[in-house]
Amino acid sequence: MSASHTLHATCVAWADRCVIITGKSGSGKSAFGLQLMALGCKLVADDGVHVTLENDALVAQAPEAIKGLIEARGIGILNAEVQGRAKIVLAVDLDQSEPERLPIQRSFEVLGHNVPLIWRVDAPHFAPAILQILKSGWSDR
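Per my numbering, the very first residue in the sequence shown carries number 1; after that it's consecutive.
Any given hint might turn out to be false.
Unchecked claim - Label-pair restraints from in silico Cβ distances:
1) Leu78 x Ser27: 14 to 24 Å
2) Arg73 x Trp119: 31 to 41 Å
3) Glu100 x His8: 39 to 49 Å
4) Ser136 x Glu64: 23 to 33 Å
Just so you know, these hints were derived from the structure itself, not from any lab. Owing to the predicted nature of the structure, the values given are computational and were not obtained by experimental measurement. Every residue, glycine too, gets a C-beta built ideally from N, C-alpha and C.
Start from the sequences and build out the full structure, keeping to the hints where you can.
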């Protein structure tokens, strides 16, 4: 039996690589997920992300009850194009704001494994940069 954990987070994917979006209630997790979906990502899960450890990789998927659903605050619950499962390659913390131009490397731990962590960047390039990491990674890591 593989280890598992459920996170209060939103998760979207590009192909088989995904980002976990964390933050307090009302921090904009779903809204940021919608921004990434508008750029071509698919929803893995909104509000609850089931994480398992499989072959030394963290894998995200939606609990069945909320699969394919995302909340748009002030609009309602929307149906979404779904990526059933994806490898977690990145985490974003919307509760922390990045003060540095070139930030230090941070990590997010789940099930004893770390993935790179990025703090919120209040700039128009934030969502496109996250998508680019999902597609191609960093040049310096």
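A quick look at each hint next to the structure:
1. Between Leu78 and Ser27 the Cβ separation comes to about 19 Å, which falls inside the hinted range of 14 to 24 Å.
2. A hinted range of 31 to 41 Å for the beta carbons of Arg73 and Trp119 is inconsistent with their spacing of about 22 Å.
3. Against the hinted window of 39 to 49 Å, the Cβ-Cβ separation of Glu100 and His8 comes to about 27 Å, which falls outside the hint.
4. The beta-carbon spacing between Ser136 and Glu64, approximately 32 Å, falls within the hinted interval of 23 to 33 Å.
The earlier numbered hints that this structure contradicts are 2, 3.
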